[in-house]
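Engineer: Chains as they are written, first to last, in our numbering: chain A, 1 to 153; chain B, 154 to 706; chain C, 707 to 1064.
Just to be clear, a hint being listed does not mean it is correct.
Stated by the list, open to error - Pairs of lysine-lysine, BS3-like flavour, derived with a Cα cap of 27 Å:
1. C/K764 - A/K17
2. B/K467 - B/K506
3. B/K470 - B/K507
4. B/K470 - B/K604
5. A/K17 - B/K470
6. A/K6 - C/K1042
7. A/K121 - A/K110
8. A/K6 - B/K470
9. B/K288 - B/K309
10. B/K507 - A/K17
11. A/K6 - A/K17
12. B/K661 - B/K632
13. C/K798 - C/K868
14. B/K309 - A/K110
15. B/K604 - B/K632
16. A/K6 - C/K764
17. C/K868 - B/K352
18. B/K632 - A/K17
19. A/K17 - B/K288
20. B/K661 - B/K604
21. B/K352 - B/K288
22. B/K507 - B/K604
Keep in mind that the hints were calculated from the coordinates and are not lab data.
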Amino acid sequence: MIGVLKSLATTMEHALKGETFTVEYPDVPPEVSPRFRGVHKFSQERCIWCRQCENVCPNDTIQIVTNEQRQGEQYNLHVGQCVYCRLCEEVCPVDAIILTQNFEFTGDTKDDLVYNMEQLKSVPWYNELDPLEAREPDRGSWVGEGEDEVDYQ
Amino acid sequence: MSTLEHAPEGAVEVDPDEVVDRLGDRVIGRDEHVNAPAVIIRPDEVVDTLTVMRDEFGFDLLSCVTAEQFPDRYESIYHLKQYADPTTEFSIVVPTDRDHPQSQSAASVYETANWHEREAYDLIGIEYQDHPDLKRILLPDTWTGHPLTDDYNQDKPQVVAYEAHENPLLDHTEGAESDTILLNMGPHHPATHGVLHLKVTLDGEQVADVEPDIGYLHRCEEQMCQQGTYRHQIMPYPDRWDYASAGLINEWAYARAAEDLAEIEVPEYAQVIRTMGAELSRMAAHFLALGTFVLDVYGEFNALSMYAIRDREKVQKILEDLTGQRLMFNYLRLGGVAWDIPEPREEFFENVKKFTDEELPASMDEVHDLLTDNEIFQLRCVGTGVLEREVAKQYGAGGPVARASGIDTDLRRDDPYGIYDQLDWEVITDDAGDVYSRVLVRVREVEQSAKIVRQCVDLLEDWPEDEREIQSNVPRTLKPDPDRRVYRAVEGAKGELGIYIRADGTDKPGRFKIRSPCFCNLSTLPEMAEGEFIPDLIASLGSIDIILGEVDR
Amino acid sequence: MGLPVTPLETVLLPERIVDALGLEGYGVLGEFVAGLLAAFLVANIMLIMTAVAGPWAKRKIRARFTDAIAVNRVGPFGLLIIVADAVRLLSKEIIIPEGVDRPAWELAPIIVALSALLGFAVIPMGSGIHVADPEVGAVFVFAVASLSSVGLVMGGYASNNKYSMLGGLRAVAQNIAYEIPLILIAVSVVVFAGTLRMSEIVAVQAEPLILVAGIAIPSWFAIVNPFAFFLFLIANLAEVGRNPFDTPEAPNEIIAGYQTEYSGVYFVLFYLGEFIHIFLGGAIIATFFLGGPAGPVLPGFVWFLIKIWAIFLLTQWARSAVPRVRIDQLLDIGWKGLLVLSFLNLILTALIVGVIAA
Chain A
1 MIGVLKSLAT TMEHALKGET FTVEYPDVPP EVSPRFRGVH KFSQERCIWC RQCENVCPND
61 TIQIVTNEQR QGEQYNLHVG QCVYCRLCEE VCPVDAIILT QNFEFTGDTK DDLVYNMEQL
121 KSVPWYNELD PLEAREPDRG SWVGEGEDEV DYQ
Chain B
154 MSTLEHAPEG AVEVDPDEVV DRLGDRVIGR DEHVNAPAVI IRPDEVVDTL TVMRDEFGFD
214 LLSCVTAEQF PDRYESIYHL KQYADPTTEF SIVVPTDRDH PQSQSAASVY ETANWHEREA
274 YDLIGIEYQD HPDLKRILLP DTWTGHPLTD DYNQDKPQVV AYEAHENPLL DHTEGAESDT
334 ILLNMGPHHP ATHGVLHLKV TLDGEQVADV EPDIGYLHRC EEQMCQQGTY RHQIMPYPDR
394 WDYASAGLIN EWAYARAAED LAEIEVPEYA QVIRTMGAEL SRMAAHFLAL GTFVLDVYGE
454 FNALSMYAIR DREKVQKILE DLTGQRLMFN YLRLGGVAWD IPEPREEFFE NVKKFTDEEL
514 PASMDEVHDL LTDNEIFQLR CVGTGVLERE VAKQYGAGGP VARASGIDTD LRRDDPYGIY
574 DQLDWEVITD DAGDVYSRVL VRVREVEQSA KIVRQCVDLL EDWPEDEREI QSNVPRTLKP
634 DPDRRVYRAV EGAKGELGIY IRADGTDKPG RFKIRSPCFC NLSTLPEMAE GEFIPDLIAS
694 LGSIDIILGE VDR
Chain C
707 MGLPVTPLET VLLPERIVDA LGLEGYGVLG EFVAGLLAAF LVANIMLIMT AVAGPWAKRK
767 IRARFTDAIA VNRVGPFGLL IIVADAVRLL SKEIIIPEGV DRPAWELAPI IVALSALLGF
827 AVIPMGSGIH VADPEVGAVF VFAVASLSSV GLVMGGYASN NKYSMLGGLR AVAQNIAYEI
887 PLILIAVSVV VFAGTLRMSE IVAVQAEPLI LVAGIAIPSW FAIVNPFAFF LFLIANLAEV
947 GRNPFDTPEA PNEIIAGYQT EYSGVYFVLF YLGEFIHIFL GGAIIATFFL GGPAGPVLPG
1007 FVWFLIKIWA IFLLTQWARS AVPRVRIDQL LDIGWKGLLV LSFLNLILTA LIVGVIAA
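Just need the whole structure built from these sequences, with the hints factored in.
Structural biologist: Here it is in structure tokens:
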């Protein structure tokens, strides 16, 4: 009986204290970590069309179309299919693609979630924050070359 | 092979030559896997061989059964271990004919082989003779073909005859003279924690028989990993096996196997971060396990489930700061981790310390007040859903389920990886083997994890600034030598999470096999629940703490 | 200085309606119309309370216990969720599963809701709201309340669903096991009061028991016999099927038991019946142990509401912290524990009353 009363007392204590843990999301935008990986942002000025992101993507989310002179024509990304692993950002040598902290994107159909280059360029920063700063210190530090000859994929 | 100087209590030293001598002419060859010596035996001598291995050489744990297809043959590999010393490993390789893949079943020696062999039959197509119930386990019964074979045409539509959709219960509802009723629990039942189907035979309210039917969440994880490159593309997927926050541990399981396969060294600093991250993940996973278990026993209105979720949320916040994501971390890399501790470092450490030192002890007190001290809870859980020690071993149970049955096993201590062997913590065990002790073990493991995290923070705080090496030098493309095979396991939140990889000389694995702890633990459910009441069946299922994503893969 | 006790209205509600509307001249027909109006009024009070309790108060209370916020988006304090939920529930399709036993299946929710509502006919709610006051009021209220188990087993059996069947059977087993102790404890109160008439049971409790610091403590049976009160509270929890005794529903085990197959309006009726049942349990406790509508300053009806909401809060509080017992343990507690204790209580009460009377 004591244990049951202790249990009852515990919940009553919580009720009387009245603290809440709920995030009132649309009213209060949540703080996300600078490392949070949300929807992608693309920079055409930086991109050198090396296609590393397309190659590294684990589930073929990125599709790049280039012309015969290897100049970029299309950069399509299916954000509905993306697993947000950030590998594209990691392998990019010029920071042309970066995962913003923006998680607020919707679509009525799956097709709406296929972003083309223009849409990717106009993705807003979350809270006006460019996360590149927070990620800069470690950029590229893990991409070693090994002792063998360099392999450029 | 035992790497320890003094074998732990109960462990048996094994000399491979002695094994080969003892097995005599059953052996048709020898091999050496990265993790263990292997002998190749005849397919009609499996039962005898495994019986000898179990009874004379002390291999009481059949970790995993891996089936593979080669151009000229099929192979089943039985990965044997000792509970007392998991570093004493042995692989029994059973090759079978390509045209008639028939092999003797090991289910009479190890109960756990039952499910593992069903999976091998399902995905690869090896037929195990004398198997008690050789039918598909992950795929529907109507499936044609075996998906992991090289001649499988995956574009061919799976045509299911109309008759297959007839009411399967028709026989049970009409003219049944028996006293029992068949109750389908799931696939959409509030207490099955996902899409699990339990075929329960009831005698009144008592469970006469229960048969788990899994596979509703099968996502071809093994095949997906076989199609990804070692270096980058596999790492995002382990997060999705045990998706209830234990992602970092899963990643470590892959990282450990692949690093051993490719002989990659991991810097000490990265190991500390990995250890801390893995323990945070474990805490989050155990909180979720506690919360959902409580839902099953208390009903949907209870407060403790919400308190548990609240604590898990705090852990997730820390993990988000560290890894950038709340569930699908993708934080580990082969040879290290992706990121150092976030700047400002002091703030991050303060957050972690605030959680482990202040918030966690308070909420643990609450858990004890609300749960373990509650007499009605004890009434419900003490002595119900009992899993005996020897039965648990037979089923290859691991993690809190095994430890609550009195099996003193923990890979973090027995087969140390990371920096676990340098830290001060305990393995929690309990002898009762009932629902209550499984929950209690889990609750107390959270405290031990907090202890580990706290020590890691101390180490990281004092780490010299110029030695913070988070990543070793790893080539961009990894191509391990062909036919190197490794089976490596880490202590997942639910038990031994093992990965078997066979390299085939390319930058992608030739065979990638996941030994899921939930899969083995779930197979113990009939042992726990038979003869008990429906509520005890639910409580037992909750106390196993299954994640269907990991069961079905 | 005595505690100011609101004098109990001796005039029943239908009679007052007859007076107010000038129906004296119509004889039996006038009384009949007045009775209908009174019943309509009381039923609506209960429905309003249920509407507040179900979609709103329950969630708010639960949120308070679990550190959450709960409904706060629609209207002030989220109160308009009541309207939204009502529209949502009523507009849902009524799915009639294959193979149900139609008449029984459709009658079951009506019986459940009705049995709980009927009980309020004899409950004196203060401020003159009292529909009928028969000599055997106490018997009537328990008889009607236990009708609901008929509805539950009908619903469970007629649904052609194994979970419902289990739920219905559990409900009956539980109701029988706990109704007997419940009634035995009530009998001890009746022995004390010396009457079965509800208004008289309340009146007996209005008399001062002792004077403490100049304030008269009324002889509420909860104060006179706290042991019986405690037993009654527990038996009542089982009777209304709330934690730790919510086994007939047990969504995690048998998926809400007897109501699994019900949707739309029928589900609302079950839901309604359940809540009115909780309130009826509260009303019985208030009448038998807490002096009915008696209380200082505020009008009687307000006190009555406060008391039954307190009981409601108690059931929700128990839900937040107490696990569900297993069905066999529940029956053990009922037959081996509560029944024995309630007999003990009855015998002791009878002895004490006999001694005083002698």
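Engineer: Taken at face value, is the distance from the CA of B/K309 to the CA of B/K288 at most 27 Å?
Structural biologist: Given pair B/K288, B/K309 holds - Cα atoms ~21 Å apart, limit 27 Å.
Engineer: Has the given pair, A/K17 with B/K288, been kept, meaning a C-alpha gap of at most 27 Å?
Structural biologist: It is violated: about 56 Å lies between the C-alpha atoms, which goes past 27 Å.
Engineer: Quick one, are B/K507 and B/K604 close enough, alpha carbons at most 27 Å?
Structural biologist: Within the cut-off at roughly 13 Å; holds.
Engineer: Check the hint pairing C/K798 with C/K868 against an upper bound of 27 Å on the C-alpha distance.
Structural biologist: holds (24 Å)
Engineer: Does the structure keep B/K309 and A/K110 at a Cα separation of 27 Å or less?
Structural biologist: holds (25 Å)
Engineer: Would you check the hint for B/K507 and A/K17, treating anything up to 27 Å between C-alpha atoms as holding?
Structural biologist: holds (21 Å)
Engineer: Compare the distance between the alpha carbons of B/K470 and B/K604 with 27 Å, and conclude whether the hinted pair is satisfied.
Structural biologist: Distance ~19 Å between B/K470 and B/K604 Cα, so the pair holds.
Engineer: Is the straight-line distance between the alpha-carbon of C/K764 and that of A/K17 27 Å or less?
Structural biologist: holds (18 Å)
Engineer: Is the hinted pair B/K604 and B/K632 satisfied, with a Cα-Cα distance of at most 27 Å?
Structural biologist: Outside the cut-off at roughly 39 Å; violated.
Engineer: Would you check the hint for B/K632 and A/K17, treating anything up to 27 Å between C-alpha atoms as holding?
Structural biologist: It is violated: about 59 Å lies between the C-alpha atoms, which goes past 27 Å.
Engineer: Is it true that the CA of B/K470 sits at most 27 Å from the CA of B/K507?
Structural biologist: holds (13 Å)
Engineer: B/K467 and B/K506: Cα distance at most 27 Å?
Structural biologist: holds (12 Å)
Hints 8, 15, 18, 19 and 20 from the list above are not met by this structure, while the remaining hints are.
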